[in-house]
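Colleague: Sequence:
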Amino acid sequence: YKKHDDHLWQADCVEAMFDPTADGKNYFELQVSPRGTSFDTRYVSRRVPRPFGHTEWESGIEAQVQTRGTVDDGDEDEGYTVEARIPWKAFQAGIPPVEAPKAGATWRANFYVMDAREGGMRAAGWSPPLVGDFHVPKRFGVLRFRGEGEGDAFSKPAPKTTEGDAPEGPPGQVPSAPDLQGAKKNPRSPHADDDEELEDEPDQDRDEEDEP
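The sequence shown begins at 4 in the numbering used here and counts up one residue at a time.
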């Protein structure tokens with residue numbers, strides 16, 4: 004996958020989803036592959052519009068990738084690191100105005116990795132979605148912004164979590180998460196609104212090519 008907005012989730016990539024207003028509906032998705040190729044889209048509700056959101060939305064993302072191995076080669080690799088920047092104005096599309104956050108401001112967010120290996124795809128999330136789908140805004144963790152000079156946001160690992168916790172704080176390290184294909188159906192989340200049961204919401208019209 005070498006073109007912008009290719010279906011990167013079908014191979015190795017990292018993903019980020021942001022819900023700046025924490026309304027559980029309007030959220031943005033960005034992906035970057037080991038090649039530095041990007042995919043971006045936005046949604047007005049969980050997986051709406053179909054099939055892949057408003058892909059006409061352009062985030063203006065700039066990404067650089069440092070690989071520790073060889074891309075598209077079967078040799079032994081150690082991994083890759085992605086650094087990206089996105090202009091704040093990109094998050095003002097289609098939702099209530101979003102200003103550049105000040106120190107102490109919080110967004111809901113989640114971060115994922117897709118790891119293609121022999122025998123199938125593996126996936127993990129910073130805040131485990133607990134169902135076989137990345138698109139669960141109620142399971143997003145809390146991303147807290149620091150002020151300039153307040154230290155390295157990645158100096159501490161993300162807090163340890165139990166199966167039902169959505170983590171709070173900067174994602175210093177990505178904890179391991181259950182393989183999504185083996186995730187439980189209809190789990191109860193202690194952070195769901197009004198103790199509402201979080202449903203997997205299987206989709207009758209979901210294509211095999213749908214992203215996680």
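Hints listed in this document are in silico derivations from the structure and should not be mistaken for laboratory results. The structure displayed is predicted, hence computed values, not measured ones. Each residue gets a CB set at the ideal place from its N, CA and C atoms; glycine is no exception. Be aware that one or more of the hints could be misleading.
[Stated by the list, open to error] Taking lysine to any residue pairs in the SDA-like style, the calculated list, with each CA pair at most 20 Å apart, reads:
(1) Lys28 <-> Glu59
(2) Lys105 <-> Val47
(3) Lys6 <-> Ala119
(4) Lys5 <-> Gly39
(5) Lys5 <-> Tyr83
(6) Lys6 <-> Leu33
(7) Lys92 <-> Ala25
(8) Lys28 <-> Val85
(9) Lys92 <-> Thr73
(10) Lys92 <-> Thr109
(11) Lys6 <-> Gly63
(12) Lys28 <-> Lys5
(13) Lys92 <-> Arg38
(14) Lys92 <-> Lys5
(15) Lys28 <-> Ile98
(16) Lys141 <-> Gly27
(17) Lys141 <-> Asp26
(18) Lys5 <-> Gln67
(19) Lys105 <-> Pro90
(20) Lys105 <-> Trp91
(21) Lys92 <-> Gly82
(22) Lys6 <-> Val85
(23) Lys5 <-> Val116
(24) Lys5 <-> Leu33
(25) Lys6 <-> Gly39
(26) Lys5 <-> Val47
(27) Lys105 <-> Ala93
(28) Lys141 <-> Lys5
(29) Lys6 <-> Glu59
(30) Lys6 <-> Arg38
(31) Lys141 <-> Arg49
(32) Lys6 <-> Glu65
(33) Lys28 <-> Tyr4
[Said to hold, decoys possible] Label pairs and their calculated CB-CB ranges:
(34) Ser48 <-> Met124: 35 to 41 Å
(35) Lys6 <-> Ala108: 23 to 29 Å
(36) Arg49 <-> Thr73: 33 to 39 Å
(37) Gly123 <-> Lys92: 37 to 43 Å
(38) Gly27 <-> Lys92: 22 to 28 Å
(39) Glu151 <-> Thr70: 27 to 33 Å
(40) His7 <-> Thr109: 28 to 34 Å
Colleague: Could you work out which earlier hints the structure fails to respect and list their numbers in ascending sequence?
Modeller: 2, 8, 9, 12, 13, 14, 21, 26, 28, 33, 34, 35
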